[in-house]
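S.K.: All chains, please: the whole structure from these sequences, using the hints.
There are 4 protein chains.
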Amino acid sequence: MIIQLKKDIQQNQRLDLEQGLNQLNIEFYPVITQMGTYFICTPIQEFDIRKIGYFKGISDVHRVTGNHKMVSSKWKLDRTIIDCGDGVLIGDNNLAMMAGPCSIESEEQINDTVESLLKNGVRIMRGGVYKPRTSPYSFRGLGMEGLKMFYQACNKNGIKIITEVMESAQIEEMMPYVDIFQVGARNAQNFNLLEALGEIDKPVLLKRGISGTIDELLYSAEYVFKSGNEKLILCERGIRTFESAYRNTLDLNAVPILKEKSHLPVVVDPSHGIGIRKHVIQMALASAAVGADGLLIETHKTPEKAATDGQQTLSFKEFDELMLKLKKLKEIF
Amino acid sequence: MIIQLKKDIQQNQRLDLEQGLNQLNIEFYPVITQMGTYFICTPIQEFDIRKIGYFKGISDVHRVTGNHKMVSSKWKLDRTIIDCGDGVLIGDNNLAMMAGPCSIESEEQINDTVESLLKNGVRIMRGGVYKPRTSPYSFRGLGMEGLKMFYQACNKNGIKIITEVMESAQIEEMMPYVDIFQVGARNAQNFNLLEALGEIDKPVLLKRGISGTIDELLYSAEYVFKSGNEKLILCERGIRTFESAYRNTLDLNAVPILKEKSHLPVVVDPSHGIGIRKHVIQMALASAAVGADGLLIETHKTPEKAATDGQQTLSFKEFDELMLKLKKLKEIF
Amino acid sequence: MIIQLKKDIQQNQRLDLEQGLNQLNIEFYPVITQMGTYFICTPIQEFDIRKIGYFKGISDVHRVTGNHKMVSSKWKLDRTIIDCGDGVLIGDNNLAMMAGPCSIESEEQINDTVESLLKNGVRIMRGGVYKPRTSPYSFRGLGMEGLKMFYQACNKNGIKIITEVMESAQIEEMMPYVDIFQVGARNAQNFNLLEALGEIDKPVLLKRGISGTIDELLYSAEYVFKSGNEKLILCERGIRTFESAYRNTLDLNAVPILKEKSHLPVVVDPSHGIGIRKHVIQMALASAAVGADGLLIETHKTPEKAATDGQQTLSFKEFDELMLKLKKLKEIF
Amino acid sequence: MIIQLKKDIQQNQRLDLEQGLNQLNIEFYPVITQMGTYFICTPIQEFDIRKIGYFKGISDVHRVTGNHKMVSSKWKLDRTIIDCGDGVLIGDNNLAMMAGPCSIESEEQINDTVESLLKNGVRIMRGGVYKPRTSPYSFRGLGMEGLKMFYQACNKNGIKIITEVMESAQIEEMMPYVDIFQVGARNAQNFNLLEALGEIDKPVLLKRGISGTIDELLYSAEYVFKSGNEKLILCERGIRTFESAYRNTLDLNAVPILKEKSHLPVVVDPSHGIGIRKHVIQMALASAAVGADGLLIETHKTPEKAATDGQQTLSFKEFDELMLKLKKLKEIF
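Residue numbers (the working numbering), protein chains in the order written: chain H, 8 to 340; chain Y, 8 to 340; chain F, 8 to 340; chain X, 8 to 340.
Hints in this document: simulated from the structure, not taken from any laboratory. Just so you know, not all the hints are guaranteed correct.
Since copy identity is lost for identical chains, a pair holds within one copy or between any two.
Okay, derived cross-link-like pairs now, DSSO-like style, lysine-lysine, Cα gap no bigger than 30 Å in a straight line [what the hints assert, rightly or not]:
{"hint": "1", "residue 1": "Lys81", "residue 2": "Lys332"}
{"hint": "2", "residue 1": "Lys285", "residue 2": "Lys335"}
{"hint": "3", "residue 1": "Lys324", "residue 2": "Lys268"}
{"hint": "4", "residue 1": "Lys268", "residue 2": "Lys312"}
{"hint": "5", "residue 1": "Lys163", "residue 2": "Lys337"}
{"hint": "6", "residue 1": "Lys14", "residue 2": "Lys155"}
{"hint": "7", "residue 1": "Lys268", "residue 2": "Lys335"}
{"hint": "8", "residue 1": "Lys332", "residue 2": "Lys83"}
{"hint": "9", "residue 1": "Lys14", "residue 2": "Lys209"}
{"hint": "10", "residue 1": "Lys334", "residue 2": "Lys324"}
{"hint": "11", "residue 1": "Lys285", "residue 2": "Lys312"}
{"hint": "12", "residue 1": "Lys268", "residue 2": "Lys308"}
{"hint": "13", "residue 1": "Lys81", "residue 2": "Lys58"}
{"hint": "14", "residue 1": "Lys83", "residue 2": "Lys58"}
{"hint": "15", "residue 1": "Lys63", "residue 2": "Lys83"}
{"hint": "16", "residue 1": "Lys81", "residue 2": "Lys312"}
{"hint": "17", "residue 1": "Lys209", "residue 2": "Lys58"}
{"hint": "18", "residue 1": "Lys81", "residue 2": "Lys126"}
{"hint": "19", "residue 1": "Lys81", "residue 2": "Lys324"}
{"hint": "20", "residue 1": "Lys285", "residue 2": "Lys337"}
{"hint": "21", "residue 1": "Lys285", "residue 2": "Lys81"}
{"hint": "22", "residue 1": "Lys163", "residue 2": "Lys324"}
{"hint": "23", "residue 1": "Lys13", "residue 2": "Lys58"}
{"hint": "24", "residue 1": "Lys337", "residue 2": "Lys126"}
{"hint": "25", "residue 1": "Lys285", "residue 2": "Lys268"}
{"hint": "26", "residue 1": "Lys285", "residue 2": "Lys83"}
{"hint": "27", "residue 1": "Lys324", "residue 2": "Lys13"}
Nothing here was measured: the structure is a model prediction, and the numbers come from that model.
M.R.: Have a look at this one:
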């Protein structure tokens, strides 16, 4: 059960409610987000929901069966739209495009990418400055220096930035330069990081774990929401299976299921989802056709020279081709 | 290496070629299909391919590296189109639709389905009469009696039939009533069945194994082809993963990969691929967008009363809706 | 519910029972095996079990909840012991060893293997004459000729034979020369083959499917049992996972679970389970320690020259070493 | 290539070596651990290894092909033994037992467990105070307060403590009370945490990721080692597969493979590996038989009342039984 408090609830009304819940022997967790205040209740026994409705200062009371509470579509019928500022939205009826290199490499690279995005009317640029790499001997990103460079080039062009954060300690420093914090697949159940991201007021994109279930992804989102941040985006990026013909197995079943179970926007990363450059466009089209709210696409002026992930990165020309096809697709759905 | 013989090769030319290969110490497998005669060679050492080119009666010599030979796109650049008769094609630029119930139940059911297909211009009906069931206590199909009923209703309406065959011994009896033989996921590596299907002149649709790799699916097709039947269709139907939120995990990565590696048409079964009725339409659209050559869709007048698989079966009305959306999609690709 | 009939039930008693069940509206499947006659009932509603007990000619009535009936440990508390003849047992308290080459290659090879087995007191030899191979271009076994050779060498030395059968049509021909029919992982859900094996009176060893669940393995056994053959052995042989460091992932969890759920003996194939020769001994010891009723081990005089599976085959010397260690292990458990 | 420096290498010798490597155009990473100083070199081209041997102050030069360097068995032939202090060793020829509850709950619980351990001669107690939980609404451990309580009861009894750390920021505070830091399966690729643990001088036990490959586990160990901490233990705890009959699929293949590839000790957690109390003893025996260097076992006075993981926790009596059986097993291997 979720009790949504009125924005103007008075202190004594809130105390009354808390006492009432205690008397009814109902455990509750207060959740305060950018959007509102909620009490999440996990009553052990069935009881008459009207007993709660009597209290003053309550905006609404929702029954939510199932394990997930705040992220569930059972209480919030309207789909959540994430406002990244300056009119950049994720989850409205447009397909939000987030494109750019796997790793930020240089100012020139950023400027080239920005140009490609502007040409296609894309408002969000992706690019990693902290790179989680399986091997400690691989290139691991330019760090804060790279992020500042990234920010400067994008900010003056009205482009929003999505980039990965790897631990709680990085959040504060990154904060001024980031528009959307991305949690990578390897950190999908790094609960401390999730809770720390719950305490800030910036959108967070959660990638599904490498072999994460739908259920686990929703629980990870619940961690962030419960800690106070409602601005959440879920991302399917391919799962690990027995098949070795591609890097990951893009699981597009996840899109309609996540949209059924949750009110949060769902985006897809087809670049990681198949990991093979020449097939990314087709997988991106399928992702759009299945109802994704946005796409994360790796692009680079010269993919074969990219510091990381070149094998799955589109050239700018290929990206233009994708955008054209997506435009046609959007016209019919 | 594949040596394609001329249709009018003379007996002495063929003997010369065989002797020549023996002298060059090249092992070869003769393959005779409906379309032509081939020698598949697996030479142990590199040698000058022109030494083969000298022989008379040869139409072409193709180098084919990699494990798969006859099904590989390396020797046959044109994509294979399967002719099911009466102008019903699979693998041309149209999306071949195969729809109908999981199990054939009654004459009335078949007639209802035929009507739904005709209304939508669909030319192939699916329906099982031999049902592979995990439990021996489940309904296992109407058998030959059902197939004959199925055939009568379809034949007079110009509808082609695709149905599953479960063992070699059934082929002969089923032969007059079947237009496309389907090999189910559980029999994907039933090599005896595959070879027996190689000896007939009817199209065969191979479903990917429950946890079958891309490589294994191509090898299974190679079994049929090598035994003499080129009329092959590959089918992605979802794989088994750790995820339990859906029946199977539809692997749309498989479509572009199979089309890259093989010249055979590739179709998708989104009904089994997700296993949840309300999401089948979206998965079907994604399958079309990713480039599938056809779709297998489970439909029923009253899905909730279907003998099997009702939970993933579209009603006729939902099927109409799907066909409308697919029509729009086809216009742009 | 399983109704076990008395061996000497009279025809009129049986008719009474059948009529009684019909009147009670209880669907039932009669199962006649080498050991007895059973009615498997799947009543739709709860009813008073004593109503059945009244009938004459009944030996016992067992409530069996859950999906599996005849193979379930819920009705048969004593563990099943498979008698392969001449005192060769599987499922008693000894570890039944089945060793030999992947493929039968020659008379010399068989004789060498028999010698190695006799030396170690092993009574069952494994060896394939029909080999299911992913590629149609691989060696596929010596067929019936090889089997006859296999039989002659073993029979005169009191060694029992286990070998794989690939389709129903082979059973009759193979019958005189085989002591245990093996169903391979790729045929684990070849239901026609399973039913055909249910109609013979020889033990059947069922390998778990390549990605077969515990539940599916038990259902496959149920197919055989329901068709009339109780002489069943279950075999864990490794499953397909994401891990590519070994051929398969040996799942020893399966052993205690299968022994809990079923009364059938459970054996393990560590050779396929890890697929790496130098680690087979350790995996075999683990299999024995976890409670397996027997082991299938690939052995060869010169593994590096074996026609198939040499990379996972023990030399005779390594097999001697394994037998010594197993002997010690048996002393303490 | 790994260059092992002499403990008493002089500053100018080291400078000479560094210059020499630069001149040879060989990139190198200096690694300073508790045990020694190493230069890890990743030369792009083959070169004469003797050119390195000329330099003074070098103890040894090892060629290490393959991706993993410091954790590889290719340069360190002796197996690593972890000294936890007071003669408590992991990786010598004894089976190191680590037992105790999933979660620390109370002083009484700790004392009860200590008593059970002492009785069985077990020197390491496990117990979580920071619990990574899928759901934010689950019990998440007693935190530092619990850890201090845990330490007091164990320290006075000569029992060492292993407990999970969830993020870098916790390390400093936990440091005085922990003997072995455990990295959980969900943090197996939390590279920031791994590097932070590389900077301390306490043993670290790394659990394999929920669907982590052997390769990834070794790379994660490489992260810790490269950051300066050689005291590493690898732990197999079951992987995620399609099988739902148990919580995880214990992958005992991992034990011989990890011991082949790495010089680090390998322990097994059969409690999580199967997740079913009544089968834990058998899986523990299999783990010992396969060659594990130690076992992590969940125990509790009253498993059915445990705050977490009760379904897979042994009672003290069951633990006694396991210890007896393990003792017998150790006598023969």
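S.K.: A separate judgement is required for each hint: does it hold in the structure or not?
M.R.: Now the hints, each set against the structure:
| no. | hint | verdict |
| --- | --- | --- |
| 1 | Lys81 / Lys332 | between (35 Å within a copy, 28 Å between copies) |
| 2 | Lys285 / Lys335 | both (20 Å within a copy, 25 Å between copies) |
| 3 | Lys324 / Lys268 | between (37 Å within a copy, 25 Å between copies) |
| 4 | Lys268 / Lys312 | between (41 Å within a copy, 26 Å between copies) |
| 5 | Lys163 / Lys337 | within (29 Å within a copy, 41 Å between copies) |
| 6 | Lys14 / Lys155 | neither (37 Å within a copy, 42 Å between copies) |
| 7 | Lys268 / Lys335 | both (29 Å within a copy, 28 Å between copies) |
| 8 | Lys332 / Lys83 | between (33 Å within a copy, 29 Å between copies) |
| 9 | Lys14 / Lys209 | within (21 Å within a copy, 50 Å between copies) |
| 10 | Lys334 / Lys324 | both (16 Å within a copy, 29 Å between copies) |
| 11 | Lys285 / Lys312 | within (16 Å within a copy, 42 Å between copies) |
| 12 | Lys268 / Lys308 | between (38 Å within a copy, 28 Å between copies) |
| 13 | Lys81 / Lys58 | within (21 Å within a copy, 47 Å between copies) |
| 14 | Lys83 / Lys58 | within (22 Å within a copy, 53 Å between copies) |
| 15 | Lys63 / Lys83 | within (21 Å within a copy, 63 Å between copies) |
| 16 | Lys81 / Lys312 | between (47 Å within a copy, 28 Å between copies) |
| 17 | Lys209 / Lys58 | neither (36 Å within a copy, 55 Å between copies) |
| 18 | Lys81 / Lys126 | neither (40 Å within a copy, 38 Å between copies) |
| 19 | Lys81 / Lys324 | between (43 Å within a copy, 27 Å between copies) |
| 20 | Lys285 / Lys337 | both (22 Å within a copy, 22 Å between copies) |
| 21 | Lys285 / Lys81 | between (40 Å within a copy, 17 Å between copies) |
| 22 | Lys163 / Lys324 | within (24 Å within a copy, 52 Å between copies) |
| 23 | Lys13 / Lys58 | within (17 Å within a copy, 63 Å between copies) |
| 24 | Lys337 / Lys126 | both (18 Å within a copy, 27 Å between copies) |
| 25 | Lys285 / Lys268 | between (33 Å within a copy, 13 Å between copies) |
| 26 | Lys285 / Lys83 | between (39 Å within a copy, 20 Å between copies) |
| 27 | Lys324 / Lys13 | neither (51 Å within a copy, 43 Å between copies) |
Going through the hint list in order, the structure does not satisfy hints 6, 17, 18 and 27.
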